[in-house]
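Colleague: Order-wise, the sequence lines are chains A and B.
Letter 171 of the first sequence, counting from 1, is numbered 171 in full-length UniProt numbering, and no numbers are missing.
Letter 60 of the second sequence, counting from 1, is numbered 60 in full-length UniProt numbering, and no numbers are missing.
None of these hints come from the bench; they were simulated from the model.
Keep in mind that the hints are not guaranteed to be accurate.
To be verified - Restricting the straight-line Cα-Cα distance to at most 35 Å, the calculated cross-link-like pairs of lysine-lysine (DSBU-like) are:
| hint | chain 1 | residue 1 | chain 2 | residue 2 |
| --- | --- | --- | --- | --- |
| 1 | A | Lys-223 | A | Lys-119 |
| 2 | A | Lys-223 | B | Lys-2 |
| 3 | A | Lys-391 | A | Lys-35 |
| 4 | A | Lys-223 | A | Lys-205 |
| 5 | A | Lys-205 | B | Lys-2 |
| 6 | B | Lys-2 | A | Lys-119 |
| 7 | B | Lys-9 | A | Lys-71 |
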Amino acid sequence: MAETQTAETRVPEYPGVRDGRCPFAPPAELLQQGKPLFRARIWDGSTPWIVTGHAAQREILSDPRVSVNEKLPGFPYPTQAMAETVDHRPLTIFNADGADHVRIRRMMTAPFTRNRMEKLRPAIQQFTEELIDRMLAGPKPADLVTALSLPLPSLMICELLGVPYTDHDFFQEHATVAVKRDATAEESLAGMQALGGYLTQLLEKKLTEPENDVLSDFAARVKAGELELPDATLLAMVLLIAGHETSANMITLGTAALLENPDQLELLRTTEDPAVVANAVEELLRYLTIPHLGQRRIALEDIEIAGETIRAGDGIIVSLPAGNWDPEAFPEPDRLDLTRAARHHHAFAWGAHQCLGQQLARIELQVVYRTLYRRVPTLRLAVGRDELEFKGDSLAYGVYELPVTW
Amino acid sequence: MKIVVDEEKCVAAGQCVVAAPDVFDQRDEDGIVVLLDENPPPRLAGDVRQAAAVCPALAISIED
């Protein structure tokens, strides 16, 4: 009996629990297995492969024998709600492989090129300044999440898509439910349906009254017969949801991390060199790795990797935070060093499914970090670090509130 | 240094444009890689190697 238990306990739990004293670090059991991939137990009792090595992650995420098809038996769902709603989920960039994926992704890529994002830089700067003005004019302490972190990426994605920002209370509520780890299947479906209905109406309006935005592009494709209205709605929904939580969490959590590392914050605050700012953003992306529940995959064939055999039908979870803390790729990974070469990080994942909005995220972060600490040089936490509530329960890591004063 | 890009593999992440803007660009219609200079001067070799290293789709190869 005792022996059985020992054998059982050798399989670690995934995603595991972070050490409260060191909330930026990935859970210790992910980093201490001594091998780049191993089996761990997830919420439903199954034991998929967990890939933590940086090099192994690159191999897995660019291997055509590895699929994102969540309808295959054995797929390692992140949550029960995701498992229960799988039949309701149509084909999107997240769950399509090969030619289907290329077709969908190419319809969505045009608005997100580096050049187009660079053209948004002045608007991002202006929105950031206005939000900081408003925060400074308001009461102290302020919550950075509601004052800046969430409104900025929301404003930008609304601007890009052509969604009225005045509706943001409505769609933020539903976008939050969509990425909440413990949302029930009903809550999750209801949120998607509400968002879908809203976006379909907007698309219908843009069929007859097009403007210069992404929804109008999608509406034009519907008009030309290249895209069905429900598919256009889905593309819009993916962009709206993905554009919200991710950058917002990076802004808040990055600020929390920098306030704990004042010498690093000072470097960012005082530099005049955009290349230094850009590099600092890459290091913060590496260090914090917001998508912390892992990229989910399933093996289509047997795959030999790092002395192990992943069998056809085995679930695979690629832990991006663990890969970004692999000392082989990033020496002394627990040190936030804004001058290190970190561009090969996996914060936006790797392979064909690498983040579509990464250039927008980069520019938002470059502008925000640089502007906030320069405009508010005395910025500090208004509560003890121990009082911050970290989002262990969400698909994107962060803190719920960041009370700050100055 | 000679660069070859595979448009079929490209996923329009834009990483190459960030790493080596003098050598790579993206098509306006779909973000797919455009090679501006297939024989870049040696001073850009470091940037180009980084572009190849950070391309998530492994769509850039370098022939020395």
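Colleague: Look at each hint and say if it fits the structure.
Modeller: For each hint, the structure was consulted:
1. A/Lys-223 <-> A/Lys-119: holds (28 Å)
2. A/Lys-223 <-> B/Lys-2: Given pair A/Lys-223, B/Lys-2 is violated - Cα atoms ~43 Å apart, limit 35 Å.
3. A/Lys-391 <-> A/Lys-35: Holds, at roughly 27 Å.
4. A/Lys-223 <-> A/Lys-205: The given pair, whose Cα atoms are some 12 Å apart, holds under the 35 Å limit.
5. A/Lys-205 <-> B/Lys-2: violated (49 Å)
6. B/Lys-2 <-> A/Lys-119: Since the Cα atoms of B/Lys-2 and A/Lys-119 sit roughly 31 Å apart, the hinted pair holds (cutoff 35 Å).
7. B/Lys-9 <-> A/Lys-71: Within the cut-off at roughly 25 Å; holds.
In terms of the numbered hints stated before, the structure departs from hints 2, 5, listed from lowest to highest.
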